[in-house]
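Those sequence lines, one after another, are chains A and B. Every letter in the first sequence is one number past the one before it in our numbering, and letter 295, counting from 1, is 295. Every letter in the second sequence is one number past the one before it in our numbering, and letter 140, counting from 1, is 140.
Just so you know, these hints were derived from the structure itself, not from any lab. Each hint should be verified, as a subset may be incorrect.
[Said to hold, decoys possible] Interface residues of chain B toward chain A, partial, derived using beta-carbon atoms under 7 Å:
#, residue
1, L401
2, S416
3, F435
By construction, the Cβ of each residue, glycine as well, lies at the ideal position given by its N, Cα and C atoms.
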Amino acid sequence: MIENKLALLAIPLLPLIGALLAGFLGNGFAKPVGRAFAHSVTILGIAAAFVLSLFVFQDVSAGKTFNGSVYTWLVTGGIKLEVGFLIDSLTATMMLVVTFVSLMVHVYTIGYMKDDDGYTRFFAYISLFTFAMLMLVMSNNFLQLFFGWEAVGLVSYLLIGFWYKRPTAIKANLKAFLVNRVGDFGFLLGIGLIFAYFGTLDYRETFALAQNFKETIIEPIPGWQWSLITAICIGLFIGAMGKSAQFPLHVWLPDSMEGPTPISALIHAATMVTAGIFMVARMSPLFEMSETALSFVLIIGAITALFMGFLGIVQNDIKRVVAYSTLSQLGYMTVALGVSAYSVAIFHLMTHAFFKALLFLGAGSVIMGMHHNQDMRYMGGAWRYMKITWITSLIGSLALIGTPFFSGFYSKDSIIEAVKHASIPGAGIAYFAVVAGVFVTAFYSFRMYFLVFHGKERYDDLHADKHGHDGHDDHADHADHEHHGLAKGEKPHESPWVVTLPLVLLAIPSVFIGLYTIQPMLFGEFFKGVITIYPTHDSLAGLRSHFTSWAGMAVHGFQTVPFWFAAAGVALAWYFYMKRPDIPAAIKQKFSAVHTLLENKYYLDTFNEWAFAAGARKLGSALWKFGDVTIIDGIMVNGTAKVIGWFSGVARVVQSGYLYTYAFWMILGVFVLLSLVFLKIQ
Amino acid sequence: MQTSSYILSLTIWVPIIAGILVLFLNHESQKPMARAVALVGSILGLLVAIPLWVGFDNASAAMQFVERLVWIPRYNIHYALGVDGISMLFVLLNSFTTILVIAASWEVIQEKVSQYLASFLIMSGLINGVFAATDAILFYLFFEAMLIPMFLIIGIWGGPRRVYAAVKFFLYTLLGSLLMLAALIYLYNVTNGSFDIIDYHRVPLGITAQTLIFLAFFASFAVKVPMWPVHTWLPDAHVEAPTGGSVILAAITLKIGAYGFLRFNMPIAPDASHALAGFMIALSLIAVVYIGLVALVQADMKKLVAYSSISHMGFVTLGFFLFNGQGVEGGLVQMISHGFISAAMFLCIGVLYDRVHSREISSYGGVVNTMPKFAFFAVLFAMANSGLPATSGFVGEFMVLLGAMKVNFWFAFVASTTLILGAAYSLWMVKRVIFGEIANDNVRTLTDINAREMSILAVLALLVLFMGLYPKPFTDVMHVSVDALLKHVAISKIN
């Protein structure tokens, strides 16, 4: 299987074909036929890609790998740039995660988007996304990586702005694209440095050659010395900060919730946003060579893990809570990368993909049940009406907060252990951040869980509040509030089976994938030869020496600090939102400054809006009005014209006002000039 | 040298003769006939150019499809034609684009139809002459003559301030052309009476002479590209020009300036080129950043795309003066890609303008609601314009960035800002024009693109995607010629 290039090629191409068929032919039939066609053809493509990925995974598990070119993109200055695949355990893991979650989301979409006019377009987009994401993870070179990188960004742009009539949606997608481009700026410079010094963009060749450049120093500004490898790694990581939404380039991700919920699950939780994590893990041979870069990664990750978690606490929009939780979890993965625990980062990426996709799709199911109300203040008690959604969401939440035996426990605890044993600068702060983050995660997750599924049913409050809406709710979608929500006296309802089936299928790995895979992924040979870790950076050594079995680890987990932090978070959430809702209100009153800071997301959006968006426009205006219009046109061009105009007053005789006479004089002029010149030469 | 080929002559004279034929069909009742003849003529023009691609020898850096007839023996002027890996693709690009503009004007132009079509056909032949001429005087004649139809197009079918635009263009061009002519005559003298451009490449020159020659050509070509700060004629010309004029202006005539740098400045004055490389790179980088910011605040769609063109052409000149393979080939790729993308952008604006008669961004909003097919293409081309990988817009910029990084980190750093700026101005325009609720009654009553408009945009879309996914055929044509040029430029002419 893995030796068969055509079969490998089929994995990304089948979703692409599905996307093209759905996109171009889906609207060519009568509406119900076209819709059935669109979802069948795309689901077929994804399902086939998933099955093929399973075979690939089997081969990879047996120790086979593939590294080869598909075609030559171009040759320039004697250097070949190719499109090709590198299939090893890291790739195969990502392929499985991507195709499985994508398949679940495709099925789910049948139910979620059934009333939407853009039904076929949506299927085309998500299949196109799957193609781009697969090309990204399967690449064996930086060029194709960048292709996939930008292509997933494109589809993300299209999907955030899927409901293109909403002003908030089309603002959010522009913002997402531009913020990602800031990251890509660094990414491209990193790639450029690799090309300039190594003369190749192929991964394997780069890793081999990098050894020769260990000591190379570049001096971008005289006197300011940088290790080449550090500069490359930081450049690449800036790209990862954009795509994986790390502070301060995270600002686009919460706004991306303007897109339909299925893509929030697929793109903005499970797969695309983890591309940066995957990329750094893939580049472990480079990052290992630069402690500076690793420290930088670690600090950024720690900031993201903790501070984005805080923001999750004050959100009222159910999707926003999950979004901030995603940011925080991406921070955890980045922290793992920073302490050279690449395999743990990928492990957490995988478990997170399942339980976070589950939480998002669960949130989507709730939103459907509530008739497109997303505000948790008008929910409550939903467990009575939505049993499957309720149980699966509980499973997702338990996995997220790291309850022993659940998948999230294994991955998150391993990260915390790795940070604990790491010696790299910044590890101390990071340890504090990830442990404190456990409490925060548990608190906001169960705040959401209790507000949605338990307590008083507050569905009718929506109508009571509607007129007195204070407009302060800057996160929730106003369009939704105006048009949606349960009718008075109406109760939520469970979603159809196409929605609940993916929930169940995602809940299974959310529980079991961790205990099943921790041994081979973290302590076994699974990533051997794929991920490079210098012995001095081996932060997993401590955990490895203690690890006996998954059961032992889980039992031990009950006695650790993070577990009690998580339990405390859950208990506090229960006390605040079930028992004494007056307390959070009082806290909000008392610490209004903190609350305002959090509600305004640390004022980062405000700052960006002012400094970059408005700043660039002002600068552009100034350059145009002053540079182009005043100086160049005003003084240079029109000034010259005036002088010439004064002289040509004499020559007004020839000016008839007809264009053809001008043309005639011009030709004549050229002719005369030429003649004069030649006479002179003679 | 072989003299048996006549293909280049055909690419020049077939459109011109077709244009003259069309001129005779100037009666009101002959409009459909004029259109048909023009379309057939332009297609024929492309067909006769196809052998250039098919028969081109990628392994040779010499001029191919050479023709050489004595024209004015007294001054040793020849009707000499030939193309190499640098110029060949532009003959094809030009012949192809001519078909598009003829097709795009189909129902839109109702005034003086035959003259309009004839202007484009004749201009097409003249532009092919510019790229194919290997005799300096022949080049100069084509170079100047080609302006006349463009003047007429802007002056007759243009907007309200067309005279201002035309005069501005004229002022800019005049000085440069005269200096170029002076340089050619100087070269004629030092080569003992030759107007063969290849002879100019070989002649040894002192640094002062080289510098003056460089600056003389620079004056002519920098205006054409246009480079900052001699760029302000372009936005005005675009705004006043009819759609077809804008397409040719952006897709083809800008390329002539850049081509001039490769054909004249660099090989004739290599030492001066190296000495002035810093200056050229500085101007190019200013174009990328300064013009990118200016594009951001334009309220007129055509002005926005015009400024975006200047910014993209900055990449071309940046690439050339890096003196490495990635840079020069990247610049050439960028020229071809920009030919497709800018043509497509102006055609898209034309589609809207034909319906609403406004180029202001604020006149639109929510176009996707009434023109979904059009919106698909508009978003695709805007993405290509912002350099999205898998579109042709990425290839050239990427190659130039790689080349720049080899020379200096900061060149690459500054140039890379285009990633952000290009996306910002392209997609912000898309947001305001294409997306959103239907903004007004004009937008509400819009009809989606018809089959003719659709096929024009679809052809361009396919080319943009093909070149983005598989640029190798394009660069394969250039390699040997670019390598030869770089080798030549690396050797000092001062003796």
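Evaluated hints:
Among the interface hints, the one on L401 of chain B holds; its C-beta lies about 6 Å from the nearest C-beta in chain A, closer than the 7 Å criterion. Satisfaction of the interface hint for S416 of chain B is found here, the shortest Cβ-Cβ separation to chain A being roughly 5 Å, below the 7 Å cut-off. The interface hint given for F435 of chain B holds, since its Cβ lies 4 Å from the closest Cβ of chain A, which is under the 7 Å cut-off.
Violation of the numbered hints given earlier is absent; every hint is satisfied by the structure.
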